[in-house]
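*Asks:* Letter by letter, the chains look like this.
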Amino acid sequence: GQSLEQPSEVTAVEGAIVQINCTYQTSGFYGLSWYQQHDGGAPTFLSYNALDGLEETGRFSSFLSRSDSYGYLLLQELQMKDSASYFCAVPLGSARQLTFGSGTQLTVLP
Amino acid sequence: DAGITQSPRHKVTETGTPVTLRCHQTENHRYMYWYRQDPGHGLRLIHYSYGVKDTDKGEVSDGYSVSRSKTEDFLLTLESATSSQTSVYFCAISESTTFQGYEQYFGPGTRLTVT
Chain A
1 GQSLEQPSEV TAVEGAIVQI NCTYQTSGFY GLSWYQQHDG GAPTFLSYNA LDGLEETGRF
61 SSFLSRSDSY GYLLLQELQM KDSASYFCAV PLGSARQLTF GSGTQLTVLP
Chain B
1 DAGITQSPRH KVTETGTPVT LRCHQTENHR YMYWYRQDPG HGLRLIHYSY GVKDTDKGEV
61 SDGYSVSRSK TEDFLLTLES ATSSQTSVYF CAISESTTFQ GYEQYFGPGT RLTVT
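Same order as they appear, the protein sequences are chains A and B.
Residue numbers for the first sequence, in this note's numbering: 1 to 110.
Residue numbers for the second sequence, in this note's numbering: 1 to 115.
Everything labelled a hint here was simulated from the structure, so no lab data went into it.
A partial selection of chain A residues facing chain B, derived with a Cβ cut-off under 10 Å:
#	residue
1	Leu4
2	Ser33
3	Gly40
4	Tyr48
5	Ala50
6	Ser85
7	Ser94
8	Ala95
9	Gln97
10	Leu98
11	Ser102
Yeah, the Cβ is synthetic: ideal placement off N, Cα and C, and Gly gets one too.
I would like the entire structure built from these sequences, with the hints used as guidance.
*Replies:* Here's what the structure looks like:
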């Protein structure tokens, strides 16, 4: 089976840096995705790492270590609007269907 | 934003009644997916489609069926709704054919309450 573990909650203050970790156990692995979801909204794609290393997109970066079955999402210069749930996910199978972690609720305090 | 709509957006139904949720896309993407989201469980895959009339089961498919007669529409049917199927349902689409870059686009969701 597949499992992805991530912390359930993280709290940080505006302007700070926060890291959300994800460890995975999957039969077969192609890459690690991150999605953001605001309350009442739909998940939206943030990043995808197929190779080891750091991918940077503006204030957000994502890291993958395949040998450690581990990845993280790094959010810099936190803003109030970053308060949301963040999900790691892996695409598996012939239709690239996603298996998600349970999500991390990020609260940004003023 | 990817052109994905879901209907209805909200529905309340009684136990034992059939319910059909519709997902419509204007992107002509090959792959379509239905997920449900419940507190503490993240998103879980119900069924998916890899082409017209080509569908398969996901992690939590019991009690659900799907159909895809056109590229743009993917229907999810609860044959006889139960209270355990109260959830938020998301449709997603993808055209990614490799694992080098992979992204799914999600619809706005349908909130279903079974009383």
